[in-house]
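Participant: All chains, full assembly: derive it from the sequences and hints.
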Amino acid sequence: MSKFDDLLKQLGTGVWNVFVVVAMCYWIPQITCQNMGAAFLTPDLAHTCRLPPDAAPATSNDTRSQCSYNATTSSGSTEERPCVQWDFDNSTFTNTITSEFSLVCDRGYLRATFKSVYFLGGFFGAMLNGWLSDRFGRKIMLAVGSVIYTLMTNILPWLPSVNIMLLFRFTMGVTQVASIHGGYTLAMEVSEPKYRAAVGILIFLPWALCLIVLGGYGYLLRDWRWLSVTTSLPCLLFLPMLLLLDESPRWLIVRGRYDDALRVLRKAARWNKAQLPPEEELRALMDHIRKEGLTATKEGDASTSGLVSFLKKVVEDVVVLVRTRRMRSITLSFYAQFFVLGMVYYGLSFGADKLGVDPFVYMAISGVMEVPGGTLTIPLAEKIGRRASSTLSFVITAGSLLVLGFIPSALEWLVLTMAMLGRLAITAAYQIVILYVSEIFPTEVRVRGIGTCTMMSATGAMLAPFILESLGSIKPWVPLVIFGVAAFVASLATFWLPESRGAPMLDTVASLEAVYKAPKDARWAWRSMNMFS
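Position 276 of the sequence shown, counted from 1, bears residue number 458 in our numbering, the numbering being contiguous throughout.
No lab work stands behind these hints, which were simulated from the structure alone.
Hints should not be assumed to be uniformly reliable.
[Stated by the list, open to error] Mimicking EDC-like on lysine to aspartate or glutamate, the simulated pairs with C-alpha atoms at most 16 Å apart in a straight line are:
| # | residue 1 | residue 2 |
| --- | --- | --- |
| 1 | Lys376 | Asp187 |
| 2 | Lys185 | Glu463 |
| 3 | Lys185 | Glu371 |
None of the values given here were measured: they were computed from a predicted structure.
Facilitator: Have a look at this one:
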């Protein structure tokens, strides 16, 4: 155990630590409302062309996708003209961005873009957030990200243009990653080691609970503008919490800011009613922690390098991930899995209108499915292993979606059941694979490996709305089949991965290549010796 963990044990768990976790448990649902609530803002609505006076009387109306009409010319002939106004089906939603800004026909791609641009922001946020958090601090990134996010989300409902909305959504995607990464890292770094696993699960549990509430709330308030306003205002309540939060003392110590670290630690001891060692002993301990931290994370280089140097290092680290044979197979396997995870998870999240089910019930039950998917899967992975449990989750996802693609929409209960089974399975796969990747990647490339996997997940999430809109307009079952096949391919990709349950984490790519190039019997002997050493 590290010296900083020993210091956290002396501080104990009390008001100071718990407040950070509670603050993040409040912030996460604010993200959920804007991330997943987009399903209620730009749905695919039935629409009919509002015929102008010059329309030919014999025009037939396609209630699903009428984009033109036949007009009578001055010479008495007819010609086809594009429709410029529509009447929308308001039986489910009274007002949406789709209907207010006429996002149909040649503007229909903007429905998918509204959802996708958020994940595009997340892609760039994932690329930079690790460096920003290490350079400027966990609290700074949480504060900057949450303040900008709050401003953007409260202004967005009053914007007069969809194009400006897209710019705001992109910025929200960038700052979402900054706030979550900074806040999550802060919470983990101030938690006692024995509670870190529980904290890691607890922080994201409100995401699922918020989905349940959001389904019911969306049912009661079906106007997009008021839904956006009322789900954005609670973000403001988070801002005063920032005044009470402290910077991570571990980060302060590693950066050499001992006086600031002492101030935070004394406040923590006061709030937790704990006793700290004398100042001289604390400063000696901080010297040890700083050396320990610099050795483990190489933050000494990060502290002096600029953004250009950092980007060069990113390229070098990505090359390291694919340079050697065994490392390359592991990296590409995880990239495929994370791409599918992002695509299928958000494809199912935004797919209610294509499935023909009640979108509010769909959202609420999705949240119910995420509770066991996000909590019971880690014990499963401990029982049968990471590879078997992730493979099983992907196979169940694939099976449910492929069956779902051929169920008649009239059987709404069966459609909903299979969709929720797929949602449960893909959520479980997400949790297991995140654990899996953190154990497999060696220490020297772990942060970069996880970061680039997150970028692959964001890429899949970006594509999901376009797959639903473009291919779903051909046949509703086409996106489901694509998602199902992709999940099956991801299950096959797990066979390129070694099992990590019970195996020690490796520190270097060279050690990984050495271990996994060994004969199978020798590999098992090595693992057994290290399990009990």
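Participant: I'd like to know which numbered hints this structure contradicts. Please list them from smallest to largest.
Facilitator: As far as the earlier hints go, not one is violated by this structure.
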